[in-house]
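These protein sequences, in sequence, are chains P and F.
The working numbering numbers the first residue of the first sequence as 1 and each following residue consecutively.
The working numbering numbers the first residue of the second sequence as 232 and each following residue consecutively.
It should be emphasised that the hints constitute simulated quantities derived from the structure, not laboratory data.
Since we're looking at a predicted model, the values are computed, not measured.
Misleading hints may appear alongside valid ones.
To be verified - Below, in silico cross-link-like pairs of lysine-lysine (DSBU-like), each with a Cα-Cα straight-line distance of 35 angstroms or less:
(1) F:620 / P:223
(2) F:434 / F:364
(3) F:329 / F:460
(4) F:517 / F:460
(5) F:562 / F:329
(6) F:620 / P:213
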Amino acid sequence: MSNKNEGLVQYHYNDAIGGFFEFPTENARAILPPDLQPVEPRHGSSVLAVMAFDFHTSPVGAYSELILAIFVAPRVEPGEAWPRAAFYPFRLGTTTRESREHAIERWHLPHYMQDINIGWERGDGHITIHATDRGQPIVDMTITEHEWSTVDHRYQAFMNDEEGAYTANIFLAGLFSENEEERGGIVIHSQAMTDLLDDWEVNVTPFRELWMKDGVQTFHPLKQLASYAPR
Amino acid sequence: MATRVEAQTSMSVSDYDYSSFFYSSSDDPFAILDPYSEWYTRALRTGYYLFQQPMSTPPESRIEVTEGLHHEHIKLLNLASYNYLGLSNRPEVIEAAKAALDQYGLGAAGSPLLSGMMDIHVQLEEALAKFKKKEAAMVFPTGYSTNVGMISGLMRPGDWIIADQNAHASIVDGAILSKANVRFFRHNNPADLEKKLKQTTGKKLVAIEGVYSMDGDVCPLPELVEVAKRYGARILLDEAHSAFIYGDNGRGVAEMYDLEDEVDIHIGTFSKALGGQGGYVAGSRKLYYYLKGFARARVFSCALAPVVSAGVLKSLELAQREPELRERLWKNVRYIRQRLEEEGVDVGGSTSQIIPIMVRNDRRIFELGHKLFRAGLYLQPVIYPAVAKHRSRFRVSISASHTCEQLDEGVQILVRVLREEGILV
Chain P
1 MSNKNEGLVQ
11 YHYNDAIGGF
21 FEFPTENARA
31 ILPPDLQPVE
41 PRHGSSVLAV
51 MAFDFHTSPV
61 GAYSELILAI
71 FVAPRVEPGE
81 AWPRAAFYPF
91 RLGTTTRESR
101 EHAIERWHLP
111 HYMQDINIGW
121 ERGDGHITIH
131 ATDRGQPIVD
141 MTITEHEWST
151 VDHRYQAFMN
161 DEEGAYTANI
171 FLAGLFSENE
181 EERGGIVIHS
191 QAMTDLLDDW
201 EVNVTPFREL
211 WMKDGVQTFH
221 PLKQLASYAP
231 R
Chain F
232 MATRVEAQTS
242 MSVSDYDYSS
252 FFYSSSDDPF
262 AILDPYSEWY
272 TRALRTGYYL
282 FQQPMSTPPE
292 SRIEVTEGLH
302 HEHIKLLNLA
312 SYNYLGLSNR
322 PEVIEAAKAA
332 LDQYGLGAAG
342 SPLLSGMMDI
352 HVQLEEALAK
362 FKKKEAAMVF
372 PTGYSTNVGM
382 ISGLMRPGDW
392 IIADQNAHAS
402 IVDGAILSKA
412 NVRFFRHNNP
422 ADLEKKLKQT
432 TGKKLVAIEG
442 VYSMDGDVCP
452 LPELVEVAKR
462 YGARILLDEA
472 HSAFIYGDNG
482 RGVAEMYDLE
492 DEVDIHIGTF
502 SKALGGQGGY
512 VAGSRKLYYY
522 LKGFARARVF
532 SCALAPVVSA
542 GVLKSLELAQ
552 REPELRERLW
562 KNVRYIRQRL
572 EEEGVDVGGS
582 TSQIIPIMVR
592 NDRRIFELGH
602 KLFRAGLYLQ
612 PVIYPAVAKH
622 RSRFRVSISA
632 SHTCEQLDEG
642 VQILVRVLRE
652 EGILV
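Just chain P, with the same shape it has in the complex (with noise of 0.2 angstroms):
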């Protein structure tokens, strides 16, 4: 009898944060493989999804993880669930050796390869991340809260390297909350981690805030895709 959570692996955190900014499509199209098409809430403007993770348990011990992402349109067999939302994470740091091996080998996901360091600062209806890399910033941001529900979202996410292409789906359960009511911020430091962007380009201004609390990350399977060549 097989077991209905084979192959699925948990991350359990505190706190994980999205921001999204708009930035140019010529942006997102230069970072991306030929195939995927980048969501476009405006014409010209793509989506940058700037995320980040405080797991106190993991396969790998406990990390933060910064992940810069673009949107993606999803891509789902007839029938299948459709996700909350498709991404294409093109950069992530970790705060460990350990987490950032195991994301590599198991997800084949991009890697930023020096550990970096991740401040979270919590405040009364916010969060703010400082991510840095030996004293260097990389990206400060800010997220604003709002109603709190709980939630179990499907996510999904492409990966591509020298080995192939593939994909996810990515489940984040926990309490969430979600507002565009633009009142949180980015800044982008021109450093190694962020030198796919023109960060003149990127709003500094999130059109929408995603924070949740005391949830779990479940990746489901991966699964290889033919149909995009690697890069």
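Following the hints, position chain F against chain P.
Okay, now just chain F, sitting in the frame of chain P:
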């Protein structure tokens, strides 16, 4: 029973909206129709039926609508139609339209560039140009085609269009069709406009609106014009919701700010203040000549129906001859705004005749819409993706034809339902 899109998650029908169905799986373009229909038929029952309910009366203060769920005919107080000056059903307008019907028949039967131009169109264009104090005005069959035709007719690949992030879909679609580079600046934010303009070289067009249709706020035209001029950009001002009602003579927000000559392209529609249909571009004679050849949305559309053109011409005449219509509109706006403020209703940043009733609860907006509808008030819910998440609202449109008693009645119904539902404390 959960739909396929809900499977495997805790999401319900209200977690989805139109934006969830933009992309589909499989190689068949029709593959999206099944899951969409499955969601939509359920969404209809939960509140989407409030959209597109057929009206069987003129869009006046009192209307009759066929309810979307049970097909009952329901009499309602109308605070949703654009009929700002109350001209859509004026006897003089109807008389002019009837006379045009007798003279011209139903349609123009041709593109304005070919056989569709009639003398009533020439009269309307000349009257508009005179009213706007411009060399020429060009009439389009819809407001949408006006922006699409204007922008795609003038701008080219490699050019730059810098538009307010809340610009109407017709401005966006015109920009897409032009294949020019497009950037959006933060709403009503001259500093962000400057940031975007700084990054551009070559031909530039700044596209803004006089009054924005969802929030009812007015653009800071002097500051935006100053920035645009400093960077050598041309300015397109869409006065769909401000022409014929703003300014001492009704020439719009540009007149109100005394910036009519600084704006290069004046856009307006006939479907709002004039109660008709169609749109116009007003500007230089040379712009008219160029658009005559290159505004494909006009060249390849049948001309505005002569019956509508005659009605609009009469509406324009009345709007100019009866400034008391504007005075009555603004008196009504002041009145209802004061009543809403007294009751503590959140109207966002509106300063115009478009007054959003901010509910800020995406999950309950349809339930409230249903209760308002059943209580006799006709208001349209506005929800994501038309507005940002958690900024759902009802949009009130005030008309000169409303009476104070009707506005009181509308406020009473609104406040009662908002209080009963805990939105207003």
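To see whether the hints hold, each was checked on the structure:
1. Taken as a hint, the residue 620 of chain F and residue 223 of chain P pair is honoured in the structure, with Cα atoms around 33 angstroms apart against an allowance of 35 angstroms.
2. Pair hint residue 434 of chain F plus residue 364 of chain F holds up; C-alpha atoms about 26 angstroms apart against a cutoff of 35 angstroms.
3. Restraint check for residue 329 of chain F and residue 460 of chain F: not satisfied, since their Cα atoms lie roughly 46 angstroms apart, outside the 35 angstroms limit.
4. The hinted pair formed by residue 517 of chain F and residue 460 of chain F meets the criterion: a straight-line CA distance of about 20 angstroms does not exceed 35 angstroms.
5. Simply put, residue 562 of chain F and residue 329 of chain F have alpha-carbon atoms about 32 angstroms apart, close enough for the 35 angstroms limit, and the pair holds.
6. For the proposed pair residue 620 of chain F and residue 213 of chain P, the alpha carbon gap of about 20 angstroms is at most 35 angstroms, so the pair holds.
Of the numbered hints stated above, the single one contradicted by the structure is hint 3.
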